[in-house]
Amino acid sequence: MGIIAIQSYLIISLFLFLMGIFTTISRKNIIGIFMGIELILNSSALNFAAFSRFSAHNLEGQLFSIFIIVIAAAEAAIALALMLSIYRRFGDIDADKLDSLKG
Amino acid sequence: MEFINSHLLSLITFIPVIGSLFVLAFPRDKANLIRWSALVITIIPLLLALVLYAGFDRSTAGFSHTAGIQFIEKYTWIRDFNMNFFMGVDGLSMPMVLLCALICPICILASWNVERGVKGYFFLFLLLETGMMGAFVALDFFLFFIFWEVMLLPMYFLIGIWGGPRREYAAIKFFIYTLVGSVIILLVIIYFYLASAPHTFDMTELAKNNALFGNRMICWFALFIGFAIKVPIFPFHTWLPDAHVEAPTAISVILAGILLKMGTYGILRINYTMLPDMTAKMATFMAVLGVINIIYGALCAMFQKDLKKLVAYSSISHMGYVILGIASFTDEGLNGGIFQMFNHGVVTAMLFLLVGVIYDRAHHREIDGFGGIAPIVPNYSFLAFLAFFAALGLPGLNSFISEALVLLGAFQKYRILTAVAATGAIITAAYCLWTLQRIFLGKLNENYALLPDITMTEAVTLIPLGVIVVTLGIYPHPVLDLMKPTVSFLNNLIIHMKL
Amino acid sequence: MNVEMKEIVFFGVAAMTMVPCFFVAFSRNILHSAFALFFTFLGASGLYFFLDADFLALVQLIIYIGGVLVLLLFAILLTKNIDNIRSTNAVAAKRAAAAGVVTAAMFGVILYAFLASGWPFRHSGAGQYPAVTTKALGKLLLTTYLLPFEAISILLLAVLIGSLVIANRSVK
Amino acid sequence: MSMKTFIEQYGFMILLSPLLGSAITGLAGRRIQKKYGARPIGLIACGSVLVSFIIALAAFAAVAGAREGEKTIICIVFNWLSVGDLRADVSFLFDPLSSVMILIVTGIGFLIHAYSTEYMKGDSGYYRYFSYLNLFIFSMLLLVLGENLLLMFIGWEGVGLCSYLLISFWFSEKANAIAGNKAFIVNRVGDFGFILGILALYSLLKDKIFGGGLVVPVAPSLLSFRFLAENVHLINNIDIFGVSAATVICLCLFVGATGKSAQIPLYVWLPDAMAGPTPVSALIHAATMVTAGIYMIGRLNFLFSMSGTSLNVIATIGAATALFAATVGCVQNDIKKVLAYSTVSQLGYMFLGMGVTAYSSGIFHLVTHAFFKACLFLCAGSIILGMHHEQDIRWMGGLKRYMPKTFLTFMIATLAISGVPPFSGFFSKDEILWQAWKTGHQGLWLVGFMTTGMTSFYMTRLVMVTFYGENRLHLRPSTDDRHDHDDHHRDGVKESPSSVTMPLVILAFFSGVAGFIGVPAALGGGNHFEHFLMPVFGHHAVAHHDPMEYVLMFASVAASLGGIGAGVFLYRIRPELPDIIVSKIKMVHRIVYNKYFVDEIYAFLFVSGTMLMTRVFASFDRYVIDLFVDLTAHVLRFKSYISGAIDRVIVDGLVNGVAESFLFSGSQLRKIQTGRIQAYVMVLLFLVVLGVSLVVILKGEV
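Residue numbers (my numbering), protein chains in the order written: chain A, -8 to 94; chain B, 29 to 527; chain C, 320 to 491; chain D, 34 to 735.
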């Protein structure tokens, strides 16, 4: 029972979370950014599940993870639609080109 | 009829303003309708002034409700500041009201060919007349100050808009100069209000218990400077030539004819009655200023190239006689001073109208620009000769009587000063004749060979003034008797109060 | 050494979750990173199993891999034009450095939080945790968490319509 | 209705008729002249003067006829001024002095009016001329009849005005206009003295009478002559500036007299006054106006006799002027200029007479001078008419043959002025010289004596040059453009028509006869003139027959005959001699000819002096005062600029600064808004890190 403790889950989710952030920031492609976000969401869902298992001992944590997953799915749909329209409009989906909001 | 009699003064004062509202109502393009209605509106106060003149009692002297002041109208106006609508006329203001009522219709006639903004012009003009009339008859200090300001504003616009090339500069200079003066006067008014026991603005009350006021010298000087700017007295006079040169004819007639008298009227009405002891002390100071005015004005006039500026400086010189007269505290001197105020009003009005006539025809006022036009315009030159000779104080015309009286009165008190003032007559004669000679006599200047003689309207403005100049010269009683009781009252007020 | 079979599998699953992350982050080809993502999600669902959250793991599999990842692939295939896929995915060095800094900073902060919390080892209390969680989750979902459940359904509906509208409208 | 009451009631008509005449011809003249030509205007003018002449005769008769005590008749019209203690009525005083004067004024005036109807024929300003002339008669009568000083002053300036108008009558000529100006301004300078005299008199009397609490009848008219005559002694012992009041007042009044009667300091205007038409010179600048000064001294003789010094001053100035003017008169070439200087000289005589308190002899000389000087001027006028407006005697000559009547009258008048016995000049001039000698002014007598010689000399020169010898009209250089048409007229010099010569004859007759009214006792005459004026001038000690009077009489006759002889010799027998003499004393001649450059000196001293002063004052006004005004304006504007600048720089600066800093930082921050999403995320996370670390640091451990 040694290592399947909450610490390891925390470390895994932390790792996932950090890689998620790294990907979101460094990727030039919008889809890359989207992947980073998915990783972050996963890491948080994992965390919820881990805590629900190890400390809260009730299922609410898991329930919350489910919510996160559902939202992630919704978000993916929207992201896809946006990407399609951006692609059609701008011709490519390079994040740097989309700076019309530049100050 | 009874209503008119009891409210004569306020009628005379406010008819022009009410009339000006009618003028505003007329459509803009009916210039003639506006002109004629303006004329009628100014004729009514003239008639009322004649009624006033007829009903004026020439025997009472003094400065209180019972004696001296007649046609009193007194209504409480602002209760808690004890300001009341108090109007009355006495020997001092009666000739001035007459002069004002006489000059205004003549000026309306003189501004018959104003083309630009006719409605605005006549509205402001009628407002101006109310201001002047009110200032002369107001006996409540606050009311006096209000009319004093009402008189100032239209003047600024009339010069500023309808004036000559440098009108803005002249209008602003005039406005600020006079405004500074009136601000100083306002300070004194307030001081008097606070210093008087039952806080009052009523001039007669203030005069009665004027012993209450402290730092009398400063008050006297403040009032004197405030009014001196208007007269104008020597150091404060530089606004006059500019304002005159730039003002349209009718306005410079009003400015010289009536507004200058406002200053001396103020000194007599306020300085004399409210600070008699100070006035007595400062008599020599005033006399010296008067003589400077005479000599300085005459010499400057001689140098001018522009005819209107020459006449402006000549009015400074003539007003010097008024100052010398009122500073002499003798019956002859004071009577002469006030009579000179009336005469000078008539004479300069005539002179400025003449300048206006020639300016309308030749569009320039250079004295040397003309030459030998007497045979071409005989009527005009006859009137011009009459006016200029009246200006240089030829005996038999009205100015001589007032100047002689002033000199007779002043000689008793200031021997050398009056002698110097008498030399003024020589210089005045010199520049008047020299101007007449350069314009009317000598070789004919070709480009004025077919100068048209004076028209009907111009004649109607000039001839009444000419008649007055001559008749008052021969028989001065009609105006002179008005002021005698008040003058003797003022004189012994100063002499007895002399500390 | 007495490391049990369970812990080894756990290690495997953990590695399967963490290692592809590098590919997701650094790979030049967007497709490769997509596939890497597939393995990460798979690893995650494995971890859920370890947490006895069986329903959750399945949901993860179905929705994340079945839904999200498929959409992702759709997006990649629709938007990439074959020839310049490489360039679009290149990770600008300067940006990576910045990202690295931020990540390290985040790592530092969270690590500090871990350490400051004393890092108590707490093992999984066996027994109180139901093996099959679906029924309990369902009950929980429809009783105490009915409101979020309804809100989520509305959200999904809105998303459904929204994405259709966005996709169509932009054509004009 | 006795003559006296008639005068009291209708005396003012004497003034009214010329005034009406001048008003009618002046105002309506142009239309009358256009419609009916010049005749009616001449008639109206002469008629009005005739009416006043008749009334003057009546007044003279009334005064002469009156009994000893009431020789003065007052005609009060209305109260003109009554202000404070001053009461002046418009009232007229008919007494022996003024009745004599009005006789001269209206008599000679009428003759000159008749003369000028002919002389001014064809002049476009005909109506204007007569209106001014009538106005002059009115003002002169006002001066003479005025009952108080103020009224006299009005007449005084009125005459000045008319002389101005008439001198510059042909004003199209610039020189005439300037001459008119000069006359009026110089008169005005004189009037300045006159006014001062009145002021001083009035103020002193007022102090004395009202100050001293004297019981005085109802408000007296302080300046009226009758009142002055009685009360002037009151100011006897008062001093002004250390000098006795009477002297100061008399000298001031005398300044006025010199201005009006052209004595030494203020005579410069009279020669230039010849620019006016000749009849004007005759009436105004010979007979009437210039005598105003002498009349004034005569009228105020009681005042003048109070201060000996002023009388001496008057006498000396009179004598000096007489001599000075005579010298200048000898060398003038313009006929009217010669006569003008001779007038100044004769006036000097009159002042000499008044100065030596021989008032009646002064007035007597005034009367006789009026006749023969008017006659001389009118003759000059007819010569000028005959010679077609040529005034320079050098181009005349031999007119005896062409204008016999003018020549004859001119001769009589010349003899009169030179003081040849039977004629009037002798009696009046000799009377003055004798009085001068008798009252101890021997020096002045000598000057007077020399002047008599010179007078007769220059008059004879005039006669010889103009009437004898051949006609030199053709020698005249026809340079001046006025007479380009004169060739065919050259020999057409003809006698003037009768209406011109008739007044000449009358005047010549009077200048011959007038002397007999004042024959001195020494010559057996009753000296009726002096006797007549007795009530005005008081009684003189009846001179016993001092033999010296005869000696002086012979001396003066000898002097005048000598003068005539010299004149005949130089200009008739040896006409070339004068040129030789002139060439010898070139310098002296030039100085005297140019009137000792007095005009130029005056012009330089006074005219350009005042011009300089006006320039100084006007520029002082424009630059210094306006400088202050504009300075204050500039200072205010500068202050407002400063406060404006302060506002702008500091206050605005701050505000702008803040705004700018925001702007600046904004623009910097803007760079952050790169539009790249990751940049935002990065910043976000960075801030989270920052926030947490801050919380940790601040709160110690978590």
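Rather than coming from a laboratory, the hints here were simulated on the basis of the structure. Don't take each hint at face value.
To be verified - With a Cα cut of at most 35 Å, we get these calculated DSBU-like pairs of lysine-lysine:
#, chain 1, residue 1, chain 2, residue 2
1, B, Lys333, D, Lys628
2, B, Lys147, B, Lys58
3, B, Lys441, B, Lys236
4, D, Lys527, D, Lys433
5, B, Lys309, D, Lys527
6, D, Lys732, D, Lys207
7, D, Lys154, B, Lys471
8, D, Lys207, B, Lys236
9, D, Lys438, D, Lys154
10, D, Lys207, B, Lys309
(message) For each hint given before, does the structure comply? Return the numbers of the non-compliant ones in rising order.
(response) Per hint list: 5, 6, 8 and 10 violated.
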